[in-house]
Structure formats: C-alpha cells, structure tokens
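Visitor: If you want the building blocks of each chain, they are given just below.
Number of protein chains: 2
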Amino acid sequence: MPSAKADDGYRLWLRYELVNNSTLLSNYRNAVTSVYLPGTSPSLLAAKDELQMGLEGLLGKKVSFQNTLANAQLVVGTPASSSQIAALPLSNQLSKAGDEGFVIVSTTRSQKKIIAIAANTDIGVLYGVFHFLRLMQTQQNIQHLAVTSAPKTKYRLIDHWDNLNRTVERGYAGFSIWNWHTLPRYIDQRYIDYARANASIGINGVVVTNVNANALILTKEYLEKVAALANVFRPYGIKIYLTGRFSAPIEIGKLKTADPLNAEVRQWWKNKIDEIYTNIPDFGGFLIKANSEGQPGPQDYKRTHADGANMFAEALAPHKGIVMWRAFVYSNESPEDRLKQAYAEFKPLDGKFNNNVAIQVKNGPLDFQPREPFSPLFGAMPKTPLFIEYQLTQEYLGFSTHLVFMAPLFKEVLNADTYEKGKGSTVAKVLDGSLDGQALTGMAGVANIGNDINWTGHPFGQANWYTLGRLAWDHQLSSAQIANEWVRQTFGNSKPLVDTVEKMMLSSREAMVNYMTPLGLHHIMGYGHHYGPAPWFDKASRADWNPVYFHKADSIGIGFDRTANGTNYLSQYAPEVRKQFEDINTCPEEYLLWFHHVSWKHTMKSGRNLWEELCYRYYAGVDSVRVMQKEWNSLEKLVDKQRFNQVKMLLAVQEKEAVWWRNSCLLYFQTFSKMPIPPSYEKPDQTLEYYKNLNFPFAPGNGR
Amino acid sequence: MPSAKADDGYRLWLRYELVNNSTLLSNYRNAVTSVYLPGTSPSLLAAKDELQMGLEGLLGKKVSFQNTLANAQLVVGTPASSSQIAALPLSNQLSKAGDEGFVIVSTTRSQKKIIAIAANTDIGVLYGVFHFLRLMQTQQNIQHLAVTSAPKTKYRLIDHWDNLNRTVERGYAGFSIWNWHTLPRYIDQRYIDYARANASIGINGVVVTNVNANALILTKEYLEKVAALANVFRPYGIKIYLTGRFSAPIEIGKLKTADPLNAEVRQWWKNKIDEIYTNIPDFGGFLIKANSEGQPGPQDYKRTHADGANMFAEALAPHKGIVMWRAFVYSNESPEDRLKQAYAEFKPLDGKFNNNVAIQVKNGPLDFQPREPFSPLFGAMPKTPLFIEYQLTQEYLGFSTHLVFMAPLFKEVLNADTYEKGKGSTVAKVLDGSLDGQALTGMAGVANIGNDINWTGHPFGQANWYTLGRLAWDHQLSSAQIANEWVRQTFGNSKPLVDTVEKMMLSSREAMVNYMTPLGLHHIMGYGHHYGPAPWFDKASRADWNPVYFHKADSIGIGFDRTANGTNYLSQYAPEVRKQFEDINTCPEEYLLWFHHVSWKHTMKSGRNLWEELCYRYYAGVDSVRVMQKEWNSLEKLVDKQRFNQVKMLLAVQEKEAVWWRNSCLLYFQTFSKMPIPPSYEKPDQTLEYYKNLNFPFAPGNGR
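Top line first, the protein sequences correspond to chains D and B.
Numbered by the working numbering, the letters in the first sequence go through residues 102 to 805 in order.
Numbered by the working numbering, the letters in the second sequence go through residues 102 to 805 in order.
Be a bit skeptical, because a hint or two may be false.
Said to hold, decoys possible - Once the Cα atoms are required to be at most 20 angstroms apart in a straight line, the calculated DMTMM-like pairs of lysine to aspartate or glutamate come out as:
| no. | chain 1 | residue 1 | chain 2 | residue 2 |
| --- | --- | --- | --- | --- |
| 1 | D | Lys-321 | B | Glu-790 |
| 2 | D | Lys-373 | D | Glu-415 |
| 3 | B | Lys-742 | D | Asp-150 |
| 4 | B | Lys-757 | D | Glu-325 |
| 5 | B | Lys-371 | B | Glu-352 |
| 6 | B | Lys-742 | D | Glu-157 |
| 7 | D | Lys-757 | B | Glu-325 |
| 8 | B | Lys-640 | B | Glu-325 |
| 9 | B | Lys-512 | B | Glu-691 |
| 10 | B | Lys-757 | D | Glu-322 |
| 11 | B | Lys-793 | D | Asp-724 |
| 12 | D | Lys-784 | D | Asp-724 |
| 13 | B | Lys-749 | B | Glu-732 |
| 14 | B | Lys-321 | D | Asp-786 |
| 15 | D | Lys-742 | B | Glu-157 |
| 16 | D | Lys-596 | D | Asp-786 |
| 17 | D | Lys-742 | B | Asp-294 |
Calculated directly from the structure, the hints in this document are not laboratory data.
Please work from the sequences and hints to get the whole structure.
Guide: Printed below as a string of structure tokens:
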C-alpha cells in the first residue's frame, strides 16, 4: 500500500505484520483457524478486537470467531465467561495467575486440539491475548504452550508530567497527548491506542497530570474530561490517577488554609474525593509532590508528610483508592547534602502512614542521572510500602535524540542489595513486597510520551516505555530478553537485525554514562533546561542546583566526599553497603566520584591515573556511539526506509552531542587537573569558551 | 493491511487509493503503462517519486520508468530535460504556461499514443504531475487531455504564526510542526510531506515564523535551522520567508536604535540579509508586522511604514527578495473607529513603496470575522502591489472543532467589486494585477497546520488549506468545484458521498455566520482566547478589544453606525460601494449591523422585525448544524471508520457550541431588546449568568 510515510512508528510494538517465515506462518495458520471467545464485557470485547486485528495482520487472513468448539481453535475466556474454559482442568494454574494473570496452554478438549487463553478476570484474558500475540510477533513456537503468568507488582504505572496547557515538563516528544480543550466530547484515537499499548505490557495505572500540579484539574469541568479518559481506559484495565495540589482547598475551595489537620480542609478533600468517585467509580488515587522544589505541602503548617498523606488516604480508603506520596524532597534552605534529605525526612515516619499510602522513591538519591547508586530509602522503611519511580523521559539522558536503552539502568537498581535483612535483600524484593510482606507494591515510570507521531520522538524511546511495563510485570526478565522481544516486535525478526540492534541497545547506557558522567560524576548538565554539559555552571539561586556543588573539582582532585570524612551520606545505607562504598579501594569505580573526592593522580584499576581514566572514559563513550552508527548503517536493507533514516540522523546528533559532552567536560576539568589530554586522542575542535557561550533559550521540556 | 488507526488523515488529499471504478481503472491502466521522465534535478526527482507513489497506489501496480518512447506512455519533462518534449509542437501552450505553469496533452509521437506533461521549468513539471494525479484521484476522463494551466498570482503563501518554543498563536491543531530544537540535523518526515502537500496545490512560499516575531530567528544558529528547512522545500518550488522583528538591530545587533533611516541600522539589516542569502540562496524575503498591537516599527522613530518597508526592500532587492508589509495596524491610543485606521495610515503612502514591497491586507477591515465586507484598501492603492491575507486557522470560526468550508468566504471577497475603475473592478482583479498592471501579486493564508497527526485537527480543516492553494493558483475556480475535487481526493468518489459532503461544505459557512454573528454582527467572541461568545465583555484594557464597542446594543437597537452620521468609515470605499452600504434599504442584510445602528423594531425583508430576525438567524444556524449531523450520519458506510467517528464527534461539539452561541447571544441582546424569543423556538436551557460565568483558562491558541 503506497503511503507518504512508510512506517511512521505510530503502531509501536503492536505492528502485527505478516509473519515472514513461511514455515512458522503455516504452523501458526494451522494452529489457529478460529477463535472461540464468548462474552461481551468491555475488556473481553477489547480482547476480541485485538485478536481480530492481530491475527489478521500476522496470519494475513481473517480468522473467524465461532460459537462452538472446533479443532485448531483459540479458546479464550474466564471460567465465568466461557463454559469451555470452565471445563478445562486449569484450577491450579489459575490460582497462581491471580487477579490479573493468565494461563495459556496447548491442550485437547472433546477431541479437539485447542490453545486456551484463560484467566480469572476479563482483564487477565486481555493480558493473555496480548501475550499470545507477542509470541507470534516474536516468532516463538506455539505448539506446546504451558504458560502461567502473574504480575510481580500490583501497581504498574505511567506518570505523565503533563500540564493543562499541553506543555510537558521534561517532555521531548512534542506536547501532551491529552487535548483537554476538546475533551470530554472528542475522543482522540490516540487515547485508545495509548490504552492498548499500555495494556499490552501490563500497565494498569496512569497519572495524567504533572506532579507540579494545578488545582484546576479538580474542578467539575476538568473532572468531566478526566472521566472521559477513564472511560476509554477502563476496558484496558487502566485506572486513572491525578496529582493533588496540596493547596487546592485554598485555590479552588476558597478556604483560608490547607492545613491537613484542619477539619474543614479534611472535609473539603473528602467531599472532593467523593465527587471524583461519582464521576470515576474506579478512580485510582493521587500522586503527590509536597514540600519539594517550592510545591505546597503539610510542612507549610508544621505538619509531617504522614499527616498530609493520611488526610488523602482516609478520604480515599472507602473507595479503595491509594496515595502515592513522593519522597523526592529537599529543602530550599537546608545546607545539608541534598542526597541525605529524603532519608532524613522519611525514615523517621516509617510506620506512620495509613495502609493505602505508598511512598514513591526515585531509583537514586539525586535525580535520574545516567548512573546513580540506589536510594538509601530502599531497605530503610520496612513498615512502609515503597514504589520505585523511574524516569523514561530522558531529562538527563540526551532528550529524545540519544539512543539509550534503560533496562540495564533499571535492572542495576533492582538487583542492588540493600542488606536490609542480610545478603540478598535486593531492591526488587523490597518492591515486590516479598522482603517486608507488603501488599501494596508498585513501579512507576515518568512518561516519555508526547504527541509526536511515533509517541516518543526517538524510535528507541519506545523501548523504554516497553521496558517499564515488562519489568513491572516481571522484574526477573533480563535486559537482553526485553531488548530481544522489543526489537522483534518493533523492527522485525531477521537474525542480523535482532542481534545487531540488541547489541546496540545493551551497550547504549554504558556509552552514555561514559560520554556524559563517567566514574560517578553527576548533575553536571546545563542549567534549567538540562540540555548538554555545563560543569562550570555556578550561578543558580541554590547551591545544590549548581554543577560545581556536585563535582567539587579543584587542584587536588574531583568528586563529592560523602564518607564519614565528608557529609556522611553513606551512613544512610546498611553497614555492608556503606562499607563497600566507603573504602576507596572497594568502591566500584563507576560510583567513585559519588562518594569520594579523589586525587587526579589516584591510580585506577586500569593502571591509569584518575585524569587519564576520565579522558579514557569520555573518549570511549564517543567511540561507542560511533560503533553504534556503524552497526546501524549495516542494517539499511533490513529496516524500513523512514525509521532507518530517522535513527541514522539521530545517531549523528548523538555523536555530535557526545563529542560536545566529552570536549567541554574534559576542557573544563583540565583547568583543575592541569594535565594534558593524551595526544593519541583526537583534539577537541572547539575551545572551552566556545562551549561556555552556547545558549539554548528554547530548549524543550521546561514546561513552559 | 491491519492498522491500529484506519485512515488517520495524515496523507491529506494525496491518498492515492486504488481507483475503485473498474472501467476507469482499466482505462487508466491502459493509458499509462510506463513513464518516460529523464532528468535528475531535485524537482524532476520529486516529480518522479510522486508519480511512482501515486501511480502505484491509484493503479494498484508498479509502473515502469523507461528510457525510450513507448505506446501508452506518460512523457514528462521540459524542452530542456527531454528531447521528446522538445520535439512536441507545444510552443504555443508552453508560452501560455509561463514560468510555473504546465501543459498536459493526449497526443501521438512516432506513432505512439502518449500523454505529455510538459512545462518550461522543472517546477512546472512537478505541478503538472500533481495535476495529472489529481485527475485520476478525482476519476476524470484522461483520454483527450488538453490542459494548459498557469497560476494567476505569483506569490502563493502559507503564513505560520509559529513561535520558537513551538506554541502556535491561534493554532488549534496541536503545536508547531517545526521542531527547532532538533533542526538542522534531524529532518522530520513531516517537513517533506508538508512540502509535497503544498506543491500539490501550487503553494510556492512559506513564512515559517509568527508575525509577532522573535529576533532570535535571525541569529546564526537559527539561520542554520531555517536553511535546513529551505533545503527540504527547494525541490518542491517552495521558498522560505521569515518574519522580521523590527527591533532586531537592538535586540541581537547591540545597536542603540532601530530607526530605519539610521545608516548603521540600514547597514545591519543589509549585512544580516546578505548573511541569510549566504545560507539560503533563494530566500524569499520578509513578512513584517510593525506598529501594530504593540509590535515595534518605524513609527517608534517617527518614520513611516514606507520608510520601514523600503529599508528591507533595498537590502533584499539585489537578491530578488521581497517585503510583505502588513496593513493590519491600529493604534493603541487612537479613539478613531478601529476599522478606519489601516486605510488612514496606508492610503497616503500609495506610490511610496519600493517595487519589491507588497502591502499585505487582511480580507476584511477588522480581523477574520465569519463575515466581513472587503477591506477598503483594495481599490484604494493603485500604485502599490497588494497581497490578500486570509486566515485558514479558525481563530474566530470555531477553532478546530467546527466544520466550516472557507471557499465561499474567500470567493465573496474576491468577487467583491471595489469600483476602483468602474464596475467590474473586483478584488480578484486587484490581486491578480490585471486592474492596475501590477507584476507583484500574491495571496496568503495563515496556516491552520499543527503537529496533530492529520495536520489540521478537524479533518475538514484540510479543505481550507487546499482551497487557499487552489484559489491562489486560479481564483476563478468555484467553491463547488474546489469542494468537489477535495472530497473526491480526501474521502472518495462515490456519488452520494461526494454530493452530500459537498452540500455540507457549501452550506457550512453561512450556518456559522448565523449561529455566531448574523446580520453583520462582529467581534463578540470571548476575550483573549476568542473561544465562544462573550458579547457582554467590556473589561479589556482597550475599548476596541471589547465586544460592546462593536455591537453597541442599547434599548433602541443594535449595530455600529459607520455612515456619515457615525464614524463615516464608509467614506473609505468608492462612492458606488459606499452608496449601497450607506442606505439602510439597499445595504445587504448580511452587512446591516456592520454599518448601521438599527432599531429592534426595524422591519426586515422577511417581514420580521430586527429582533425576530436575529432570533430567526441564530436558530437557523443551529438547525443547519443539526442538518449537517444528519447528512454526515448517512455516510457511515461510505467513510472509513476513524474519520467517520472523528467528524461525528466534532459535529456534536459544533452543535453544542452553536447552541451556546445562540443562547448566550440572544439572552444577552434580549436584555436590551426586552422582546421575547418566539415561543415556537426551543427555550435556552441555561441562564445568561451561567454563560457569563464560563471560564477557559487553558483555551488553546494564545501562543503561550
């Protein structure tokens, strides 16, 4: 079919292209000649629609939906929706599948060979259908299926930082997909396809508004709009959440205070929350950023985060709603090491939160840097459910022009050992509730989604959205496994294509760390917009918004001493963790400058001194990008023209910006180290002054 | 092919779907079995690509490109690019085709039956190719072709009001398609498809930035980005233009003044313009808004518009660039009838502008209202080239949720008689240069284009973009003809579909006039954002931004007396025009309240009094929308599901908003007329207070 645009990326990983392996195609066609899917609930109808579209695309023919059992049939449903499913001996598996999981088995019923997709709930059925379609999209054998799958975390969330005027704070893929002006009456097809995409990876909750919240979202007019979105999402098992502006009782409620212990305030929120549930019976709850970066909060009234969170929790509890209270706090006034502040504020509150409150903790102690150690709050609040917050949008990771696959970053944190209950107390076990017996478990990703046709700007940004969903479902999936299945669905199944792209993806995060912030450097990006490097910047109104605060380069060395000799941030970790990081000889070099101020002449494991190692890493980072360029270019014949060219252009931008990071950081740090860049390396082609004078008044994502 | 999105509208009118009439398909296949298109210029390659894509889609098979003449061949080129074209006896027709036109003939050459697409220039060839594809898309007979076509205006322009942060002033289809951040290195496929769409309708110039201009676009960094766009557009015959911030010499040039008679300032602009041409050798020139709504301009230095425009003109002339100087001016301080101010400022300057300056005049004297009389500047400046500026984006016409086809509005102005040189001195003749012998001729439309997938938000918004191009090429095309060819290309050729949609389109503008501003009402919309009705509004900082200034309703009647008894605005027209408008008995009723303060009891042609007529019109407007809804619903089986549902939802919004306009305007005006809404009409279901209290803090298009 001719088109002006080849593959524009809109379909994400749900492309359902004809299976291009003829043996497999024939196997698939033989295995699924019809579908038996009774039931008319919205989720079952969504499952039916998806199967219709998916099978027609993958098999290249219409597959009939029948009302009687037949050979080579896909039999789909719950014991309640389908007597055929009810009659299958699946109770063991189904009990493991739980409320949202599913069972897929190749079996026989009344002498017919069938594949059953079974679940306890309609949404479980839909998840099973997406899983089955994924098997075919990734060209797996479907002859002897015996799958039982259940999600490891209960709340699997995408958080949008979308403003009501459609700007997106830290958004780099266009503007908000929520067109509030035309809601509730105009339902953009995107809303539906967004829900499909999320359901296909198990996302079951969406926070639609920015954590830097606007109270107007809670007015009657906007709640009607939110309800219209909730109606679109409901069949796909997705609940809607809002961000709660703590001062809303003043701003839209005409009260004089927002004190969480004030009876009028509490009543106002109770009424407001009841009103929300009248519009949206399955409303999920609130995500709240309070007393952080200028946002209002309970501390404005000398109350604690627990006082604030519990006020919401009480009003939400009768409706089964939850509060996600963000631990990303640091005070405007405090001279304390910024990294220590979240722990200092929240650790004492462990056990003080109502049981429908979760504390949402960023993966690291700072703010979504290319590499951070895990947040010390993980492992420090055994009596409190903790959700993890990752950032899919690449605020610090090259916006939407850098290819970086985040699964290795996410996994690094999940696999980190908190030693809360001895060895093996991983962050993953904190999150899935198994370590402390928590029932409220969750994983959230800050959306990298905008109204660009392909949703994420960079075609590979889609992989990070995909990863979040897959890991929230099953944090034991490996990065390679996720990359592999994403590539197959998104680009195709040919071996050189899959192998090469998987390799690119798996190396991409370490490449970025190297060309941006090697060896534990952090927060040395441009001010405000966070675009590009600015390690020299020292003009921010707050000390801890300045790169110089974080790298502390001087004539002796570089790095932030957070040992007992310094800010003693390391005391917030379990002794085993602390010990490893505190000793400069056991501290992994990738975290070195997070924790130590290290002499330029310090000998690294490579035998190079610190300065030479820094040079080595920055140059290696750029080299890795150049390798990715070559790898990508080798795929020209295997990728559709539009996306091939897109990624090629983007890699060229990435290479250019990697050089910019390398040159400007090294030239700047050289003013302290006074040592030469080894002559074997290509010479920076611009001066430090040149880089310092670059200005980006309209860099995207400032939320204006 | 399965897809998550059916027809998403991205392809605009260039869909190239398989011809669904089997007789015609067979005729077309027989007539075009191969293409002979030698040449490798960028425009010829674009023509080749388009033919490849178009023919493959329309004919459902690959058509081969050959290097020798053959029977049933499409022979394409210029006498210079193709010896076969050179050998055809087409010199008469080609001389009529001029620089941009083309000739398409069915003919015979060396005993082969061929269709020749010939032109004097490569861009003429591309235009001819688009015309030929249009013939097939609209299912015309191509057996005896004898087309000679040349554009009637020389500059055919789309003006974007796009800001550097990607907000679009008065944009309702998402945000700017120009991603300045990722330019110049990342070339979005949209830029190419945008150029294709424009070339297909003869648009040959694009102003990419807002008339409320930012000087930064003229900095080196941004000029590189602009040059990258110019490179994309060049093969499609499209020149790029910028808006010129008059105070740029101060803001980015570090001068103390922007006085157009200051030698340093003149030199600064000359250097800047030379620099632009170094980057963009075919740069088109500047569009300038000066001394209007707070923009800087020559009057800041007590100079005239001519002084300002000529400064730019002088610097542009060596490069063949032009200045489009906007006549949309009205002073912040002047108590004069706002409608009179443009004429008052510009008429005395007739003959004072350099010959590469055109004055760009909005179609009417106010600001793109649903209906305005033609601007009195048309017919008043015989020594000055005048371009017309239409507004495609629906600032005052229901944003992107109302279906309104603008061809009737555009044609109404084109057909208006200025009487400049006696009867028949139409605006069209002013514009095409024939009335006053102008060589510099042009027509511009303010873009309704954004980064919504379908470009214009409302699928029918595409028709207005299409119309602008077609009318700029040939202002004699009728509204019906344009509607007909657009529907066929955009939705399909089935007769009930074409007939019904054409009917809807042709009635839509009058419907809107009726439910918004019947009988010559104007400027009674919401303040600032211009969304919805607010005839009661009187709080603007300037009198002439207030609806009450324009409708002047009181206990006696309603309307603005612009006769000799009032502001005498009518004196700016030729006596013949003035006479017709000035006499309340000959003034066409659709312009009545533009020119007269009319008693509520005045008897209208219908026999109803003015109040009753007002009621009648407002109710008729809503009724027309309801008729459109029924008509559209009848097409469910003939339109793809996605666009059918889109338009259905949008018509429901339009109906709701039409009722809002009707009710709130009538309830408000009733407070003056003190007469009842006839009881046979449905009663307003809300009170005036309800409507007055509506607030839209995030209405789109405010450019923030």
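Visitor: Each hint: holds or not?
Guide: Cross-check of the supplied hints:
Note on D:Lys-321 and B:Glu-790: the hinted pairing holds, with a Cα-Cα distance of about 17 angstroms set against a maximum of 20 angstroms. The suggested pairing of D:Lys-373 with D:Glu-415 holds, with an alpha-carbon distance near 13 angstroms, which does not exceed 20 angstroms. Proximity of B:Lys-742 to D:Asp-150 is assessed by CA-CA distance (about 14 angstroms); at most 20 angstroms being required, the pair is judged to hold. Pair hint B:Lys-757 plus D:Glu-325 holds up; C-alpha atoms about 16 angstroms apart against a cutoff of 20 angstroms.
For the hint pairing B:Lys-371 with B:Glu-352, the CA-to-CA distance comes to about 16 angstroms; that is within 20 angstroms, so the pair holds. Straight-line distance between C-alpha atoms of B:Lys-742 and D:Glu-157 comes to about 18 angstroms, which keeps the hinted pair within the 20 angstroms bound. Using a Cα cut-off of 20 angstroms, the hinted pair D:Lys-757 and B:Glu-325 holds, with the two alpha carbons roughly 16 angstroms apart. With a CA separation close to 44 angstroms, the supplied pair B:Lys-640 and B:Glu-325 exceeds the 20 angstroms bound.
Under the criterion of a C-alpha separation no larger than 20 angstroms, the hint pairing B:Lys-512 with B:Glu-691 is consistent with the structure, at around 16 angstroms. The hinted pair formed by B:Lys-757 and D:Glu-322 meets the criterion: a straight-line CA distance of about 15 angstroms does not exceed 20 angstroms. As the CA atoms of B:Lys-793 and D:Asp-724 are separated by approximately 63 angstroms, the hinted pair breaks the 20 angstroms bound. For the hint linking D:Lys-784 to D:Asp-724, the alpha-carbon distance of about 14 angstroms falls within 20 angstroms, and the restraint holds.
For the hint linking B:Lys-749 to B:Glu-732, the alpha-carbon distance of about 10 angstroms falls within 20 angstroms, and the restraint holds. With a C-alpha separation of about 19 angstroms, the suggested pair B:Lys-321 and D:Asp-786 falls inside the 20 angstroms cut-off, and the hint holds. For the hint pairing D:Lys-742 with B:Glu-157, the CA-to-CA distance comes to about 18 angstroms; that is within 20 angstroms, so the pair holds. Distance restraint check for D:Lys-596 and D:Asp-786: the Cα-Cα separation of roughly 39 angstroms exceeds the 20 angstroms cut-off, and the hinted pair is therefore not satisfied.
Note on D:Lys-742 and B:Asp-294: the hinted pairing holds, with a Cα-Cα distance of about 15 angstroms set against a maximum of 20 angstroms.
Checked against the numbered hints given earlier, the structure breaks hints 8, 11 and 16 and satisfies all the rest.
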